[in-house]
Amino acid sequence: MNIVLLEPEDTQSEIWSIHSKRQLQHLREYLDITVGQNLKVGIRNGARYVTEIISIDEQKVGVRPILKEAVPAKLPVHLIVALPRPKVLRRLIMDSVTLGVERISLIHSYRVDKSYWQTPFLQQIDQYVTLGLEQAGDTIVPEIQMYKRFKPFVEDVLPTLISETSPAYVAHPYAEQSMPSNIDHTCSIVVGPEGGFIPYEVDLLTKNGCQAVSLGNRILRTETSISYILGRLFS
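In full-length UniProt numbering, the protein residues as written are 1 to 235.
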């Protein structure tokens with residue numbers, strides 16, 4: 001945790017209140033906080049600050065803002081990913097948020113087990129977003145959307161995201177074109193499930209404006225490919 005992320009309602013008085021059990025445990029066990037110590041604090045979807053710890057008790061820590069800081073910039077990317085296995089979903093969301101992804105869409109595809117849409121992990125996404133933001137020192141929550149039907153998303157939603165200055169790339173190991181690097185424009189990235197998109201899905205994506213691109217001759221796990229893609233595109 002490199003920043004303590006607070007809800008706006010926790011910052012309405014002169015002294016702000018940290019009362020999350022998870023955050024308090026981290027502050028006590030790993031930072032060994034004391035009154036008078038400085039602490040980096042952010043407001044969800046707001047600014048971030050250097051604060052001074054004013055009070056500590058069993059239920060909460062009180063802090064007072066003393067210096068406003070800049071929030072890290074987002075990556076201008078819309079990540080579109082086939083819903084992965086629940087345990088992978090947790091890592092994927094946390095890592096994507098930490099890396100600064102601006103928008104995330106979870107979609108269905110042929111190789112996505114329908115039971116994945118029933119997992120309680122989907123109800124806990126806000127928790128993973130918070131962990132990712134705290135790791136990065138960020139405060140701005142990315143937009144997250146879910147689409148349980150592949151074809152309507154590709155035909156009706158995806159074309160509205162694509163323009164000459166904002167292309168969409170679908171990662172496909174057998175594409176002839178290589179993934180671009182060091183780009184200076186916004187884009188959408190489409191990543192398939194474990195096992196990849198089936199040929200019908202790749203064809204539908206390309207017919208609706210996506211460029212099929214390859215990451216090389218190695219087949220990567222979903223979460224590995226996302227980190228690699230983002231590092232390649234925006235390094």
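Be careful, since some hints might not be right.
What the hints assert, rightly or not - Derived lysine-lysine pairs resembling BS3-like cross-links, with alpha carbons at most 25 Å apart:
1. K60 to K87
2. K148 to K114
3. K68 to K87
4. K148 to K207
5. K74 to K114
6. K114 to K151
Everything labelled a hint here was simulated from the structure, so no lab data went into it. Since the structure is predicted, the reported quantities are computational estimates derived from the model, not experimental observations.
If you test the structure against every hint from before, which numbers come out violated?
1, 3, 5
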